[in-house]
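Asks: Sequence:
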Amino acid sequence: MEMVRTNYSSGAPLEEKAGYSRMVTVGPFVYLGGTTSVKPDGTVHGEDDPYEQTKFIFDKLLKIMEKADSGAENVVKVKAYVTDMKYAPEVARAYSEYFLNIKPLFTMVGTTMLNRPTQLVEIEMDAIKY
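Numbering (full-length UniProt numbering), first residue to last: 1 to 130.
If you're looking for bench data, these hints aren't it; they were derived computationally from the structure.
By construction, the Cβ of each residue, glycine as well, lies at the ideal position given by its N, Cα and C atoms.
Among the hints, erroneous ones may be present.
Said to hold, decoys possible - In silico DSS-like cross-links for lysine-lysine, where the CA-CA straight-line distance does not exceed 30 Å:
| no. | residue 1 | residue 2 |
| --- | --- | --- |
| 1 | Lys77 | Lys17 |
| 2 | Lys67 | Lys39 |
| 3 | Lys77 | Lys63 |
To be verified - Beta-carbon label-pair distances, calculated as ranges:
| no. | residue 1 | residue 2 | range |
| --- | --- | --- | --- |
| 4 | Met113 | Pro89 | 16 to 22 Å |
| 5 | Phe106 | Glu2 | 28 to 34 Å |
| 6 | Thr6 | Val76 | 14 to 20 Å |
| 7 | Leu105 | Val26 | 17 to 23 Å |
Build out the structure end to end from the sequences listed, making use of the hints.
Replies: Right, dumping it as structure tokens:
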């Protein structure tokens, strides 16, 4: 089986400048890199609100997955990084709105900080097209 690699950009200026892709597919495998709630204008959506940031991130990731003919039902693993574990219930609440019935693997990790102090959550996902 030939495994074709395709890189996808979300259009964020840093992707080209730093040399990374928002999503990479290799054959049926879909990998989505760490994503925060930064809007196209560079501001952070949902400052001080981990629930709103999480929902914004999932919407952003699921939208780019459409480019690979994939969606939430294809997600097999989600990893969330939060700057304070006190945000865990709000992140989990938002997560459940997207994945309650799909039940992918889910890991939440506490980290001391993200790129900006107003970023509370960063998420990466893996999926497979079938």
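Asks: Against each hint, give a clear statement of whether it holds in the structure.
Replies: Okay, the hints, checked on the actual structure:
Straight-line distance between C-alpha atoms of Lys77 and Lys17 comes to about 28 Å, which keeps the hinted pair within the 30 Å bound. For a cut-off of 30 Å, the pair hint linking Lys67 to Lys39 stands: about 19 Å separates their Cα positions. Taken as a hint, the Lys77 and Lys63 pair is honoured in the structure, with Cα atoms around 17 Å apart against an allowance of 30 Å. For Met113 and Pro89, the hinted distance range of 16 to 22 Å is satisfied, since their beta carbons lie about 20 Å from each other.
Distance hint for Phe106 and Glu2: a CB-CB separation of about 32 Å, consistent with the stated range 28 to 34 Å. Distance hint check: the CB atoms of Thr6 and Val76 are about 19 Å apart, consistent with the given range 14 to 20 Å. At roughly 19 Å, the beta-carbon separation of Leu105 and Val26 lies within the given 17 to 23 Å, and the hint holds.
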